[in-house]
Amino acid sequence: MAQADELDRPVPDAQKPRRDWAGALGAEGAKAPPPALEESAGLMGAGLYEAGRTVHNKRIDGPFRRFKWAIMAITLTVYYATPWIRWDRGPYAPDQAVLVDLAHRRFYMFDIEIWPHEFYFVAGLLIMAGIGLFLVTSAVGRAWCGYACPQTVWTDLFQHVDRFFDGDRNARARLDKAPWGAAKTLRRLAKWAVYLAIAFWTGGAWIMYFADAPTLTYDFWHGTADPIAYACVAVLTGTTFWLGGFMREQVCIYMCPWPRIQAAMLDEKSLIVTYKDWRGEQRGSVKKAAKNPDKYGDCIDCRLCVAVCPTGVDIRDGQQIGCITCGLCIDACDRVMKETGRARGLIDYATLEQCDAERAGAPASPAWKALLRPRVFIYFGVWAAIGAGLLFALGTRTHTDLTVAPDRNPPFMLLKDGSVRNAYTLRLRNMEARPRTMVVSLEGLPAGAVMWTEAVRLENAGPTQTVTVAANATKVLRAYVMLPPGIRGDDDGLAFAFRLTSSDEQHESDVAPTTFSMPEDD
Amino acid sequence: MTNRIDEPTGTEFVGHEWDGIKELNTPLPRWWLYTFYATILFAAVYVVLYPAWPLIDRATAGTLGWSSRGDLAAELRAADAARAGVVAKIAATPIEALPSDPALMQAAVAGGAAAFKVNCVQCHGAGAAGSPGYPNLNDDDWIWGGTLTDIEYTLTHGIRWDSAAETRSNFMPAFQGSFDAMQVSALAGHVLSLSGKAKPSAAGAQMFADNCAACHGAGGEGLPAVGGPALNDAIWLYGGSAAEIGKQILAPRHGVMPAWQGRLDPVTIKMLAAYVHARGGGQASAPAAAQPEAAQVAAK
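So the protein sequences, as listed, match chains A and B. Each residue of the first sequence is one higher than the one before, starting from 1 at the first, in my numbering. Each residue of the second sequence is one higher than the one before, starting from 523 at the first, in my numbering.
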C-alpha cells in the first residue's frame with residue numbers, strides 16, 4: 001500500500017485521520033487495519049476496538065512552548081541532579097542532601113531528618129501534595145497535566161527525540177508509512193537506542209534517592225549492588241521506554257485516573273483551554289472571508305491547532321479528557337491570527353463563565369481573574385495551615401525522645417527481703433548525629449526507690465543512671481526499679497515518670513509517665 | 523439503514539437497544555485487547571512454571587520446582603548460617619565468662635528468650651513468673667543457686683529427674699504421724715517468724731533446730747548446695763500462710779524439672795541459662811572462679 005514515493009509528497013493535514021473522541025471510528029479510513037472483533041449483524045460493521053495511531057505533533061514556538069521548555073528543564077534537572085547534592089551532617093550521618101534510607105529507616109532532606117516515629121511529617125507532606133493538586137486545579141485547571149506531570153514531561157522529551165531523528169510532523173508520518181528498508185531500520189534503531197538511554201538514565205536516577213549515589217553508581221557498574229537496585233532500574237527503564245516512547249497520550253486518556261478526577265473537580269469557573277467558537281465560526285479560508293466577511297468567522301480551518309497537539313485532540317470540539325491544557329494550540333493559533341492580521345486569543349485560556357460573558361458581548365476579561373475565587377483561597381488556606389503546622393512541629397521538636405513500656409507479665413516482682421521490683425523497657429532516642437550521654441531519672445516515687453539496668457546491675461543501683469546513646473540511634477534499655485519493703489500504693493499502683501535528660505549544653509529532656517505496680521496488701 | 527449515527531455526539535450505534543436506550547460505540551484502543559491477550563499468555567506460562575492446579579492431595583508442582591515451604595526452608599538455612607558465628611562463639615565461651623562480653627551476652631539472652639518460649643513457658647509461664655509449685659525465675663530467690671553456672675547445671679541435669687544420673691535431687695521427709703496439730707502449728711509459726719510475720723516461740727524454735735535446720739539452715743536462710751529452700755524471705759513456692767506451711771510440713775510436695783541434656787543442644791541450654799539469669803534476679807558468679815577460666819579461653 002504505502003509506496004516509497006509517498007515519502008517525498010507532503011501529507012496534507014486534512015487528509016490525515018482526524019482524532020475525534022466522540023466518534024473516531026468512521027474516520028479511520030480505508031488504510032486502517034480491519035477491526036479485531038466484529039459482530040457483523042449487530043455492529044453494522046463498526047469496530048469494537050480502535051487501531052493504534054501515533055500522534056506526530058508539529059513543532060511550534062510561542063510563550064507556552066517556551067514555558068514548557070523551562071518547566072521541563074527544571075523538573076528534569078531536579079530529578080536527575082538532586083541525589084548528587086552533598087550535605088555535610090558530620091561523621092555519623094550520610095552526606096547526601098536527599099536520601100530515603102529505607103535500610104536504616106531514615107529520611108534525609110537537607111537539614112531535616114525524619115525518623116519512622118515521625119512519619120506524620122511525611123503524611124503531612126502527602127496531604128499537602130494532595131491539597132496542593134486541588135489548589136492548582138481550582139486555580140489553573142489541569143496545569144499539572146499540561147506542564148509538570150512526569151508522563152507529560154517525558155512524552156514531550158521523547159517527541160523531541162522523534163523530531164530530532166525523523167523530522168517534523170509530516171516527515172514522521174511519511175516515515176511511519178514507508179516500507180522497512182535499511183535506512184528506516186537504522187533510523188528507528190538509533191531512535192530507540194536514544195529512547196532506551198533516556199529510559200535507563202531515568203531508572204538509574206531513581207535508585208540514587210535510596211542509597212549513597214556515588215557508592216551505588218560504583219557498585220552498580222561493578223555488579224555488586226543489591227539485586228533490588230538492578231530490578232528497580234530494569235522496571236523503570238522498561239516503563240519509561242514504553243510509556244514515554246510508545247504509549248504517550250494513551251496513558252493520559254485510558255490509564256490515568258487523574259483526568260477523571262480533574263473532570264469532577266473542574267467547574268464553569270475553572271481555567272481551561274477554550275476555542276471561542278462565536279468568534280471562529282463559520283470556519284473558512286482568508287480568501288473566502290475577504291469575499292464574504294459576514295458569513296465567515298476568524299478560524300481559517302488550517303488545523304494547525306490539531307497538528308501541534310501532543311495528545312492529538314481538536315480543541316475546537318470543546319473541553320475533553322484528551323486536552324491536558326498545555327497551551328501549545330494557543331501558541332499555534334496566535335501565530336496564525338498574527339499572520340492573518342487578526343486579534344490573538346481565538347484559542348485561549350479562559351473559564352466557561354468568561355466564555356459565556358464574552359459570547360454575550362462583554363469584553364474579554366484577563367485569564368488571571370479566574371484565580372480570584374473563594375475555592376482557591378480556601379484550598380490555599382488549608383494547604384498553608386498544614387504547611388505552617390508542619391513547620392512549627394519541625395521547629396519545636398527535640399532530638400531526644402523517651403518511651404517506656406512496663407513489663408506486664410509479671411507486672412511486679414516480690415523479692416526475698418519483701419521489696420518490690422518492676423521492670424520496664426525504655427527506648428532512648430538520640431536524634432543528633434553524634435553520641436550523647438544522657439541521664440535517666442525517676443520522678444514521683446517515694447524515697448528509697450532505686451533503679452538499675454542490665455548493664456549496671458543491682459549493686460550499683462541508684463536514683464539515676466547515666467547512659468551513652470550512639471549517634472542517630474535508639475537504645476533499648478531494660479530498667480529495673482525497686483521500692484524498699486513496706487511501701488504500698490493502691491490497686492492502681494504508683495504513678496511516676498522516667499525523665500531523660502541530655503548531659504550536653506542543650507539539656508534536652510523528655511518525660512515518659514508510667515506506673516509502678518505492687519502486690520495488694522498482704 | 524437510517525439512524526446509525528447518534529446526532530448529538532456524532533457517534534455510531536452498536537445496534538443494541540434496551541427500552542429505548544441505545545448503546546453508542548466508543549471503542550477501546552486495540553492495545554487494551556492485546557494487554558488482555560498478554561495476561562492470558564502470562565497465565566499459561568505461569569501454570570507451567572509454578573504450582574497451579576489443585577489435585578486431590580497436592581497441587582501441580584510446576585517446572586521451576588518453586589514452593590513457599592522451600593522458600594521458608596531456605597530462609598531458615600540462611601538465618602542459621604548468619605547465626606553460625608555467634609553460636610560457635612557462645613559454644614566456645616564458658617558460661618561464667620559470658621557477661622564479660624556484653625554483645626555475646628545479649629545474643630545469648632535473645633536466643634534464650636526464643637528457646638524459653640518453646641520449652642519453658644508451659645511450667646514457668648510466659649513471663650517466667652511461675653505459679654504455685656512452679657518457681658518464679660524473675661526474683662532473687664534460688665533454691666539450687668542463681669549463678670550462671672548453677673542455672674546451667676539445673677537446666678542440663680534437671681531436678682529429681684530420675685533418668686539423669688547427675689540430676690539435682692533431695693527429699694524433705696513427711697512429718698505426717700510424727701507431729702500433732704499443736705506441734706505443726708508451733709513449727710509453722712516459727713517458720714513465719716523467721717521473716718518477721720509471726721512471734722517466735724521457744725517450742726517452735728526447738729523443733730526447727732532439731733528437724734529442719736540441717737537442710738534449711740539455722741536461721742532458715744536455705745542451703746542452695748543441697749537445694750534447701752530459704753524460709754526467711756518473702757517468697758513461698760507452695761504458699762506462705764501458716765496453714766499452707768503446715769500442709770507442706772506434713773506432706774511435702776516435690777517439684778520435678780526435666781533434664782534438658784539430650785533434648786536441647788548445649789548452646790541452647792547455655793543461652794537459656796543466660797536468659798533466666800538476665801531476668802533480673804541472677805546472682806553474680808564468684809569472681810575468683812570466673813576470671814581464670816575466661817583467661818584460659820582467651821589464651822586458647
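The reader is advised that the hints may include incorrect statements.
With a cut-off of at most 20 Å between alpha-carbon atoms, the simulated EDC-like pairs for lysine to aspartate or glutamate come out as follows [claimed, not checked]:
id	chain 1	residue 1	chain 2	residue 2
1	A	K416	B	E766
2	B	K719	A	D95
3	A	K475	B	D623
4	A	K416	B	E743
5	B	K719	A	D176
6	A	K191	A	D176
The set of hints was computed from the structure by calculation and includes no laboratory data. None of these values were measured; they are calculated from a predicted model.
Cross-check of the supplied hints:
1. K416/A <-> E766/B: holds (18 Å)
2. K719/B <-> D95/A: Given pair K719/B, D95/A is violated - Cα atoms ~66 Å apart, limit 20 Å.
3. K475/A <-> D623/B: Measuring from Cα to Cα gives roughly 18 Å; hence the hint holds.
4. K416/A <-> E743/B: With a Cα-Cα distance of about 10 Å, the restraint between K416/A and E743/B holds, given a limit of 20 Å.
5. K719/B <-> D176/A: violated (102 Å)
6. K191/A <-> D176/A: holds (13 Å)
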